[in-house]
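These are the residues of each chain, in order.
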Amino acid sequence: MSSSHEAKRKYADLDPIFNPKSVAILGATDKPGKVGHAIMQNYIDVGFSGSLYPININTTGSIMGHEAYRSILDVKAKIDMAVISVPALAVPKVMDECGKAHVKGVVVVSGGFAEIGETKLQDKLVTISRKYNMPMIGPNCLGVMDIRARNDTLFLPTFKIDKPKIGGVSFVSQSGSVGSTTLDLISGAGFGLSRFISYGNAAVVDEVDILKYLSHDIHTQVIVFYMEGVKRGEEFVEVAKTATMLKPVVIIKAGSTEAGAGAAHSHTASLAGSYEAYDAVFRQYGFVRAADTDDLLDFAKIFDTQPLATGNRIAVITNGGGHGVLATDAIYHNGLTLPQLTKKTERILRKAMPPTVTIRMPLDIGGDADSARFENALDAISSDPGVDALMVITLFQTPGADDKVAESIIGYGAKREKPVVVVSMGGSYTKSHIEVMENSGIPVYSSTTAAARSLAALIGYARYRNTK
Amino acid sequence: MNGLLDYKKANALMARYGIKSVGSAYLKNPEDAIEFSGGKPIVLKALTQKALHKTKSGLVMLNLSGSREIRNGFTKLTKKASRYGPYTILGQHMVKGGLEIILGGNVDKQFGKMVLLGLGGIYVEAFRDFALRLCPITRYDANSMIDQLRSHSVVAPNPRQREMLVNLLMAVSKLFSDNDIAELDLNPVILHDGTYDVVDIRILK
Chain A
0 MSSSHEAKRK
10 YADLDPIFNP
20 KSVAILGATD
30 KPGKVGHAIM
40 QNYIDVGFSG
50 SLYPININTT
60 GSIMGHEAYR
70 SILDVKAKID
80 MAVISVPALA
90 VPKVMDECGK
100 AHVKGVVVVS
110 GGFAEIGETK
120 LQDKLVTISR
130 KYNMPMIGPN
140 CLGVMDIRAR
150 NDTLFLPTFK
160 IDKPKIGGVS
170 FVSQSGSVGS
180 TTLDLISGAG
190 FGLSRFISYG
200 NAAVVDEVDI
210 LKYLSHDIHT
220 QVIVFYMEGV
230 KRGEEFVEVA
240 KTATMLKPVV
250 IIKAGSTEAG
260 AGAAHSHTAS
270 LAGSYEAYDA
280 VFRQYGFVRA
290 ADTDDLLDFA
300 KIFDTQPLAT
310 GNRIAVITNG
320 GGHGVLATDA
330 IYHNGLTLPQ
340 LTKKTERILR
350 KAMPPTVTIR
360 MPLDIGGDAD
370 SARFENALDA
380 ISSDPGVDAL
390 MVITLFQTPG
400 ADDKVAESII
410 GYGAKREKPV
420 VVVSMGGSYT
430 KSHIEVMENS
440 GIPVYSSTTA
450 AARSLAALIG
460 YARYRNTK
Chain B
0 MNGLLDYKKA
10 NALMARYGIK
20 SVGSAYLKNP
30 EDAIEFSGGK
40 PIVLKALTQK
50 ALHKTKSGLV
60 MLNLSGSREI
70 RNGFTKLTKK
80 ASRYGPYTIL
90 GQHMVKGGLE
100 IILGGNVDKQ
110 FGKMVLLGLG
120 GIYVEAFRDF
130 ALRLCPITRY
140 DANSMIDQLR
150 SHSVVAPNPR
160 QREMLVNLLM
170 AVSKLFSDND
180 IAELDLNPVI
190 LHDGTYDVVD
200 IRILK
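Which chain is which? The protein sequence lines are A and B, in order. Just so you know, we're using numbering that gives the first Met the number 0 here: the first sequence kicks off at 0 and counts up by one. Just so you know, we're using numbering that gives the first Met the number 0 here: the second sequence kicks off at 0 and counts up by one.
Bound-form chain B, shown alone:
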């Protein structure tokens, strides 16, 4: 394992498989951030090789709007991030509300590449409501993964959302199968208004 794939490269890789993530940009200074926000609320994240769990390390600032708030947030975040060594600041448009799920990939030493779907966010380990399948998965497998979740009626409340999730799972399975990746986390993926946004990506080579 050689470490974390750069966010932009990860983003580009996902785009090749039709997986859409929330609009984002690397930001050099507070002025960049204000311009990127375009008057709408944004999230600022500090990316470092050292701190893998950004939320736990306090390297995420949510829902910043207006130039003053953004400028203050940017300054605070860079101060915190400098403790972890080299860092870059990523700005993302804020996705409000919705249900947080996780999609991921892991290489099992016995069976090989496996994909995961679960109830997501920062409490994944606490809820442990997830399903795993060996890659590459079929649509039958994707549907049975959804059915296996205790939260299946919340995660896929209607056929349209189920279809969207099945397609997303198929894309993640394909991406993971095709590429030389050791671990993959899309967490959280926010389900809202009949669509989804991948808010955080972590790909370990």
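For reference, chain A alone in the conformation it holds in the complex:
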């Protein structure tokens, strides 16, 4: 009975957890260095605009300048969400009080549950969550960050981690450490964050709930997922079928090298290990598979900023010959091709380019190329019907390349007709231009390989959407 009930249980509503009007922090304290202090400090630092209620059984009435309570039941106002950071053994009691206080969702930051073998203690939390129909994230997790709502349960000191800007990418990480490091990197990665969630032991809210919620979330355009495994395989597949048709889901599964479990009886069983099964499901249901965390950021960036394209003919414009050759290799290695320009495009280019420029793919417009030459090349090539996407290699070390070139590329990118990626690498002068381009929605990569991989991811996903 209980298993069929489990299978049919409704998906968790995570709105009150991401976007609460009022938050209680259980375990808040004045003592610096404690997790409950860091969480409280974060809510104050990010400027959470709702009501904040620090709860601590030992309080004398005030914590960090806020009126404090010995129990959540002492608070007379309505509370949407509670962050629980008290010792593991005390969690069931305070969580039950949350239920009695009609809290709409809890984040249990505390560790000391299934991850160290305390499954019975964790089961108590599951029972309480079900009893009050109160979704629980965790235990043993960082919780959520929602930059729009200025809601941040992370206990990482704010000065140690850069805050990403607001955007359309939501990032899900089972692991707290992968979550926090990637979050720190996202702030400099050229795209904005919508929601972040680290869900730890996934005792109640798991990957199925999260994928379902984010797939229907209007603030989420791209989902990025770091997972160690799913708990409900069949339901995950059901939710995935819809989710990947609505928006790209970039995914990485840890544990690709795990040893096979036991001796297999057949060739098939010996080949089809657990990782291979995950990989197969990801392919079959339209996930964008990332090989590492670099891929996660690279892919998120192109999906967040560029239109989808199903064709694989990538035009290359470069102001450096060597990188043009590298780009060609990277393009073909990733199952993409260079286009054959039409006669018309060739004629236009021949007129617009100096005689030193050879009209062919990749188009090397020369180290002296200025913004006018970049613009002419972009115009002619992007209008060619045989071109599906563009890779523009912009080396700012050259005499002709300056802020005007960056502007020309931004100007083309604003039209969003065909996907464009820029490859640019270098020191401080280059970095300042990369920042300007990325802030304007142009994905910039530091290698032709990363650029080609990202284009291949975009095109592969677009084809899945198109043929399914």
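Because the hints were derived from the structure by calculation, they are not lab data. Any given hint could be a false lead.
Unchecked claim - 16 Å max Cα-Cα, derived EDC-like pairs, lysine to aspartate or glutamate: (1) A/Lys162 / A/Asp44; (2) B/Lys112 / A/Glu233; (3) A/Lys403 / A/Glu434; (4) A/Lys414 / A/Asp378; (5) B/Lys112 / A/Glu237; (6) A/Lys240 / A/Asp278; (7) A/Lys403 / A/Glu374; (8) A/Lys343 / A/Asp383; (9) B/Lys108 / A/Glu275; (10) A/Lys159 / A/Asp44; (11) A/Lys230 / B/Asp107; (12) A/Lys162 / A/Asp183; (13) B/Lys108 / A/Asp278; (14) A/Lys92 / A/Glu114; (15) B/Lys112 / A/Asp278; (16) B/Lys108 / A/Glu233; (17) A/Lys75 / A/Glu96; (18) A/Lys230 / A/Glu114; (19) A/Lys164 / A/Asp183; (20) A/Lys164 / A/Glu114; (21) B/Lys75 / B/Glu30; (22) A/Lys159 / A/Asp183; (23) A/Lys417 / A/Asp383; (24) B/Lys112 / A/Asp73.
Remember, it's a predicted structure, so these values are computed and weren't measured experimentally.
Let chain A serve as the given structure and place chain B on it in line with the hints.
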């Protein structure tokens, strides 16, 4: 898991799903074998519950023709097989040449039944050129499995062979989905002359 499904039952099950395997018969003695051969080369296999990898255990004798060769082969094989306990001898017509592929099924503990297509034969584990999908598969899935193989241009060199493989994959997926089977190996399946022959079947209940 209760063990290996009897070869004849496995064969009959496959036939119900339109999967054709190479002509075969159980043989009691060398005379049976000679009669079964009908003057054409045959393969003799000893089937036991103990030795799951027949080739590795030396329980397969390939390409026997003529009554003397068949008689000698039969005697040798029974001697080897007796070391593994009870056995039966299966005769099959010899399929010469062609490309060996593997089709299979496995129950993943997280996702459930999955089908496999790969470059086959005894080197499957060495090449590791295979694709997996969750059951039941669509024709889109079957095509994408073929495309995923590094050896796709050899396995499906033309549209006709691709179509044949897609149909075969769909049949295997259906067979596996419909029945209470833990593991399934069709290995090798030999592709030759625009058709295929399932040469070895292993179904674990």
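Verification of the hints:
1. A/Lys162 / A/Asp44: Holds: A/Lys162 and A/Asp44 sit about 12 Å apart, inside 16 Å.
2. B/Lys112 / A/Glu233: Since the Cα atoms of B/Lys112 and A/Glu233 sit roughly 11 Å apart, the hinted pair holds (cutoff 16 Å).
3. A/Lys403 / A/Glu434: The hint holds at about 14 Å.
4. A/Lys414 / A/Asp378: Holds, because 11 Å separates the two Cα atoms, which is no more than 16 Å.
5. B/Lys112 / A/Glu237: holds, 15 Å
6. A/Lys240 / A/Asp278: holds, 15 Å
7. A/Lys403 / A/Glu374: holds, 10 Å
8. A/Lys343 / A/Asp383: holds, 8 Å
9. B/Lys108 / A/Glu275: Roughly 12 Å separates the two Cα atoms, so the pair holds.
10. A/Lys159 / A/Asp44: Between A/Lys159 and A/Asp44 the Cα gap is close to 13 Å, so the pair holds against 16 Å.
11. A/Lys230 / B/Asp107: holds, 13 Å
12. A/Lys162 / A/Asp183: holds, 7 Å
13. B/Lys108 / A/Asp278: This hinted pair holds, its Cα atoms lying about 14 Å apart.
14. A/Lys92 / A/Glu114: violated, 20 Å
15. B/Lys112 / A/Asp278: Answer holds: B/Lys112 to A/Asp278 is near 14 Å, not above 16 Å.
16. B/Lys108 / A/Glu233: holds, 11 Å
17. A/Lys75 / A/Glu96: holds, 13 Å
18. A/Lys230 / A/Glu114: holds, 15 Å
19. A/Lys164 / A/Asp183: holds, 11 Å
20. A/Lys164 / A/Glu114: violated, 33 Å
21. B/Lys75 / B/Glu30: holds, 15 Å
22. A/Lys159 / A/Asp183: holds, 9 Å
23. A/Lys417 / A/Asp383: holds, 11 Å
24. B/Lys112 / A/Asp73: This hinted pair is violated, its Cα atoms lying about 53 Å apart.
Against the hints set out earlier in the document, violations occur for numbers 14, 20, 24.
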